[in-house]
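Asker: In order, the protein sequences belong to chains F and G. Using the working numbering, the first residue of the first sequence is number 14, and each one after it goes up by one. Using the working numbering, the first residue of the second sequence is number 7, and each one after it goes up by one.
To be clear, the hints were calculated from the coordinates, so they are not data collected in a lab. There's no promise every hint is true.
What the hints assert, rightly or not - Listed below are the simulated DSSO-like cross-link pairs for lysine-lysine, each with C-alpha atoms no more than 27 Å apart in a straight line: (1) LYS133/G - LYS144/F; (2) LYS46/G - LYS162/G; (3) LYS120/G - LYS75/F; (4) LYS46/G - LYS122/G; (5) LYS133/G - LYS139/F; (6) LYS139/F - LYS122/G; (7) LYS191/G - LYS80/F; (8) LYS45/G - LYS68/F; (9) LYS46/G - LYS75/F; (10) LYS122/G - LYS19/F; (11) LYS173/G - LYS191/G; (12) LYS144/F - LYS191/G; (13) LYS15/F - LYS77/G.
Said to hold, decoys possible - Across the chosen pairs, the derived CB separations fall in these ranges: (14) VAL16/F - LYS72/G: 16 to 26 Å; (15) GLY186/F - LYS14/G: 15 to 25 Å; (16) GLN159/G - ILE168/F: 41 to 51 Å; (17) SER101/F - GLU32/G: 25 to 35 Å; (18) ALA79/F - ALA116/G: 22 to 32 Å; (19) GLY186/F - PHE169/G: 54 to 64 Å; (20) HIS160/G - ASP97/F: 54 to 64 Å; (21) LYS139/G - GLN39/F: 39 to 49 Å; (22) ALA116/G - GLY186/F: 11 to 21 Å; (23) VAL197/G - ALA79/F: 28 to 38 Å; (24) SER101/F - LYS133/G: 15 to 25 Å; (25) LYS162/G - PRO169/F: 36 to 46 Å.
What the hints assert, rightly or not - Residues from chain G shown here face chain F by an in silico Cβ test under 7 Å; the list is partial: (26) GLU19; (27) CYS54; (28) GLU56; (29) THR65; (30) ARG71; (31) VAL74; (32) LEU75; (33) LYS77; (34) ALA101; (35) ALA103; (36) SER105; (37) THR123; (38) MET127; (39) LEU130.
Quick reminder that beta carbons are idealized off the backbone N, C-alpha and C, glycines included.
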Amino acid sequence: MKVAEKNIVEMLHQNDKRVMAIIYDQYAPALYGVVLRIVKTEAAAEDVMQDAFVKIWKNGTKYNAAKGTLFTWMLNITRNTAIDKIRSAGFRKSEKIQTLDHHVYNQASTSHNINPDEIGVKELLKNLDEKYREIIDLIYFNGFTQQEVSEHLNIPLGTVKSRLRIALRELRGIFDLTQVVGIILFISSIFITYND
Amino acid sequence: MTKEEFLKTGLCEQYVLGLTSPEEAELVERMLKTYPELKKDCMGLENCMEKYARANAITPPAGLRKSVLEKNDASDGVSVPSRKGILIPTWAAIAAAASFVGLLFFSFFAWDGKVKTENEMGMLTTKFEQFQKDCAEVENERNIYASQKSFLQHAKTIHVHLFDKNKDALAIVFWNETKDNAYLKLENLPVPPKGKTYQMWADIDNVMVDMGTFKHDPKKLIPLPYMANAASLNITLEKEGGSDHPDVSQLKVSGVI
């Protein structure tokens with residue numbers, strides 16, 4: 014059963030160590046998806062996940078909901094751990110920018126699975142303009158700074174910033190659309206049941 | 007800073023992606039505290055990025071859960087199990103809660119419409135401003151190309167081929183005394199080694215006069231200063247930033263006007 018974010022935060026604040034298993038069960042696939050894309054290899058991703066979970070645990074009492082959601086807080090810890098990993102291990106930039114198709118999705122056929130529940134969302138995400146998606150992905154899944162994106166795509170930093178702003182708003186529009194579709198389906202199912 | 011000015015900075019989006027500096031993060035947190043509607047907007051973006059991460063989630067290897075929790079147990083954290091434990095609601099409570107959440111959800115949608123429209127408007131404004139900037143850039147480039155085309159087609163524009171030791175033409179200078187103007191086009195001139203740059207010189211009355219360094223860009227026409235009475239044009243390889251006098255041993259190409 015899914016435990017509410019509020020309860021998870023309460024357990025973190027109370028130093029209740031059982032919360033880590035709950036966090037793992039509810040958030041690990043989303044966090045692991047980001048980590049594996051940044052560090053590229055399964056072994057490095059596992060190290061990062063272990064280190065990140067220790068940091069989440071040790072800093073759990075400091076989490077402040079007024080500053081952002083629990084997921085964003087945990088993701089920032091995890092992403093920073095992953096970025097530290099690739100920088101400390103002397104990963105070359107050229108390795109960082111290789112596409113998911115070459116690395117992760119190939120590996121996915123062996124030991125990983127893309128979350129099947131999200132296939133509908135993935136279809137909708139194809140509506141996101143490529144120039145916006147690549148900026149989000151370079152930052153989110155490759156650990157790039159805005160300056161690095163600017164250099165990598167050879168576009169001015171100001172354009173990166175305005176595209177990033179538009180990208181997130183567009184993305185939110187897409188997710189809002191999925192919610193509306195979900196509600197319509199839900200209401201339809203109620204009517205169909207009632208009429209039967 | 008007003009709410010509108012803050013929204014235009016895009017700091018909210020950068021904050022959500024963990025891209026802000028500590029000072030910027032402090033500003034964002036102050037603004038979110040002052041304006042609850044901004045906090046709502048920012049949290050909306052955070053939820054959106056959580057959904058994006060979930061849409062791209064990958065199931066970790068089976069053994070990872072055990073190793074993560076074991077490493078966590080071995081860390082120095084203090085474990086004090088909560089006496090309250092986790093509250094598991096009954097099915098009746100779940101049904102009641104679901105109905106209540108459903109009602110809240112619909113109310114939220116009705117109220118949220120206005121905020122979303124405002125956000126949409128803000129986004130369209132940003133898009134439009136970016137589009138205007140792009141148009142201005144394209145217009146500027148078009149003007150440059152029109153001016154270059156007119157120069158190249160001018161009757162008095164001559165082509166000065168610059169040859170290397172093997173008599174291969176590695177660059178062309180378009181030279182026009184009536185227009186008092188010149189352009190350089192690189193053909194096969196190799197990229198300069200690191201720490202070095204190419205520098206152009208005009209031979210005027212047997213004295214090499216500096217025409218400046220230039221960036222190695224074979225795709226573009228590189229503007230050059232016009233030098234009256236130049237007998238020949240020469241390119242040498244110099245240290246970064248250029249030299250006051252040419253290093254003749256590093257003469258790469260030259261051409262007679």
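Asker: Determine for every hint whether it applies to the structure shown.
Answerer: Outcome of the hint check:
1. Straight-line distance between C-alpha atoms of LYS133/G and LYS144/F comes to about 13 Å, which keeps the hinted pair within the 27 Å bound.
2. Distance check on the hinted pair: LYS46/G and LYS162/G sit about 66 Å apart at the alpha-carbon level, beyond 27 Å; violated.
3. Taking the CA atoms of LYS120/G and LYS75/F, the gap is about 35 Å. The hint is violated against a cut of 27 Å.
4. Proximity of LYS46/G to LYS122/G is assessed by CA-CA distance (about 11 Å); at most 27 Å being required, the pair is judged to hold.
5. Between LYS133/G and LYS139/F the alpha-carbon distance is near 20 Å, which keeps this suggested pair within the 27 Å criterion.
6. For the proposed pair LYS139/F and LYS122/G, the alpha carbon gap of about 22 Å is at most 27 Å, so the pair holds.
7. Distance restraint check for LYS191/G and LYS80/F: the Cα-Cα separation of roughly 55 Å exceeds the 27 Å cut-off, and the hinted pair is therefore not satisfied.
8. The hinted pair formed by LYS45/G and LYS68/F meets the criterion: a straight-line CA distance of about 26 Å does not exceed 27 Å.
9. For the given pair, LYS46/G sits about 22 Å from LYS75/F by alpha-carbon distance, which is consistent with the 27 Å threshold.
10. For the hint pairing LYS122/G with LYS19/F, the CA-to-CA distance comes to about 26 Å; that is within 27 Å, so the pair holds.
11. Of the supplied pair hints, the one linking LYS173/G and LYS191/G holds, its CA atoms being roughly 17 Å apart against a limit of 27 Å.
12. Restraint check for LYS144/F and LYS191/G: not satisfied, since their Cα atoms lie roughly 32 Å apart, outside the 27 Å limit.
13. As the CA atoms of LYS15/F and LYS77/G are separated by approximately 24 Å, the hinted pair is consistent with the 27 Å bound.
14. A beta carbon spacing of about 20 Å between VAL16/F and LYS72/G agrees with the range 16 to 26 Å that was offered as a hint.
15. Look at GLY186/F against LYS14/G: about 19 Å separates their beta carbons, and that is inside 15 to 25 Å.
16. Against the hinted window of 41 to 51 Å, the Cβ-Cβ separation of GLN159/G and ILE168/F comes to about 32 Å, which falls outside the hint.
17. As the Cβ distance of SER101/F to GLU32/G is approximately 28 Å, the hint placing it in 25 to 35 Å holds.
18. The hinted range of 22 to 32 Å is satisfied by ALA79/F and ALA116/G, whose Cβ atoms lie roughly 26 Å apart.
19. Between GLY186/F and PHE169/G the beta carbon distance is about 59 Å. The supplied range of 54 to 64 Å therefore holds.
20. Hint check: HIS160/G to ASP97/F, Cβ distance near 59 Å, so the stated range 54 to 64 Å holds.
21. In this structure, LYS139/G and GLN39/F meet the distance hint of 39 to 49 Å, their C-beta atoms being roughly 43 Å apart.
22. Take ALA116/G and GLY186/F: their Cβ atoms lie about 18 Å apart, and the range 11 to 21 Å holds.
23. At roughly 53 Å, the beta carbons of VAL197/G and ALA79/F sit outside the given window of 28 to 38 Å.
24. The hinted range of 15 to 25 Å is not satisfied by SER101/F and LYS133/G, whose Cβ atoms lie roughly 39 Å apart.
25. Range check, LYS162/G to PRO169/F: about 37 Å between beta-carbon atoms, so the 36 to 46 Å window is met.
26. A distance limit of 7 Å between C-beta atoms decides the matter here; for GLU19/G the minimum to chain F is near 5 Å, and the interface restraint holds.
27. Given the 7 Å rule on beta carbons, the hint for CYS54/G holds: about 4 Å separates it from the nearest Cβ of chain F.
28. Taking 7 Å as the C-beta contact cut-off toward chain F, the hint placing GLU56/G at the interface holds, the least distance being around 4 Å.
29. For THR65/G, the suggested interface contact is upheld, since its CB lies about 5 Å from the closest CB of chain F, less than 7 Å.
30. With 7 Å as the threshold, the beta carbon of ARG71/G comes within range of chain F, its nearest partner Cβ sitting at about 6 Å, so the hint holds.
31. Evaluation of the VAL74/G hint against chain F yields a held restraint, the C-beta minimum of about 5 Å falling below 7 Å.
32. Restraint check, LEU75/G versus chain F: the minimum CB separation of about 6 Å is within 7 Å; hint holds.
33. At a threshold of 7 Å, the smallest CB-CB gap from LYS77/G to chain F is about 4 Å, leaving the interface hint in force.
34. Violation of the interface hint for ALA101/G is found here, the shortest Cβ-Cβ separation to chain F being roughly 14 Å, above the 7 Å cut-off.
35. Given hint, ALA103/G at the interface with chain F, is violated; its Cβ is 10 Å from that chain's nearest Cβ, farther than 7 Å.
36. Checking SER105/G against chain F by beta carbon gives a least distance of about 12 Å; that is not within 7 Å, so the hint is violated.
37. Checking THR123/G against chain F: minimum C-beta separation of about 12 Å lies over 7 Å; hint violated.
38. The beta carbon of MET127/G is not positioned within 7 Å of any beta carbon in chain F (closest approach about 11 Å), and the interface hint is therefore violated.
39. The closest approach between the C-beta of LEU130/G and any C-beta of chain F is roughly 9 Å, which is over the 7 Å cut-off, so the hint fails.
When each numbered hint is compared with the structure, violations occur for hints 2, 3, 7, 12, 16, 23, 24, 34, 35, 36, 37, 38 and 39.
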